[in-house]
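Residue numbers for the sequence shown follow this note's numbering, so the first one is 1 and each next one is one higher.
Don't take each hint at face value.
What the hints assert, rightly or not - Just the calculated beta-carbon pair ranges, DEER-fashion:
id, residue 1, residue 2, range
1, A27, E49, 32 to 38 angstroms
2, G32, R57, 34 to 40 angstroms
3, A56, Y18, 53 to 59 angstroms
4, V35, Y15, 28 to 34 angstroms
5, S7, L34, 29 to 35 angstroms
6, A61, D40, 28 to 34 angstroms
7, D4, T41, 44 to 50 angstroms
8, K60, S22, 53 to 59 angstroms
9, K62, L31, 46 to 52 angstroms
10, S37, G16, 30 to 36 angstroms
Don't read these hints as lab results, they were simulated from the structure.
All of these numbers come straight from a predicted model, not from anything done at the bench.
Note that CB positions come from ideal geometry on N, CA and C, so glycine has one too.
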Amino acid sequence: MQFDSFSDFIAMGGYGFYIWLSFGTCALILLGILVNSLRDTKRIMASVEQQIIREARIKKAKQEQAS
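Full structure from sequences and hints, please.
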């Protein structure tokens, strides 16, 4: 589709409000998914690190108890 000016492009033949609103909504949803994924990844990595430390502490305690 060809537009005569930038304002015609923004207006999108009278449907610009709905089109740009849908683009904005989609962008916000994708941004929310990205932020949530990054936050979950950070939380999971911290949990794995705590689990490794806990297992090492248990292993050390068992070795000391066996000695």
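Structure-based check of each hint:
no.: 1; hint: A27 <-> E49: 32 to 38 angstroms; verdict: 33 angstroms, holds
no.: 2; hint: G32 <-> R57: 34 to 40 angstroms; verdict: 37 angstroms, holds
no.: 3; hint: A56 <-> Y18: 53 to 59 angstroms; verdict: 57 angstroms, holds
no.: 4; hint: V35 <-> Y15: 28 to 34 angstroms; verdict: 30 angstroms, holds
no.: 5; hint: S7 <-> L34: 29 to 35 angstroms; verdict: 32 angstroms, holds
no.: 6; hint: A61 <-> D40: 28 to 34 angstroms; verdict: 31 angstroms, holds
no.: 7; hint: D4 <-> T41: 44 to 50 angstroms; verdict: 47 angstroms, holds
no.: 8; hint: K60 <-> S22: 53 to 59 angstroms; verdict: 57 angstroms, holds
no.: 9; hint: K62 <-> L31: 46 to 52 angstroms; verdict: 47 angstroms, holds
no.: 10; hint: S37 <-> G16: 30 to 36 angstroms; verdict: 31 angstroms, holds
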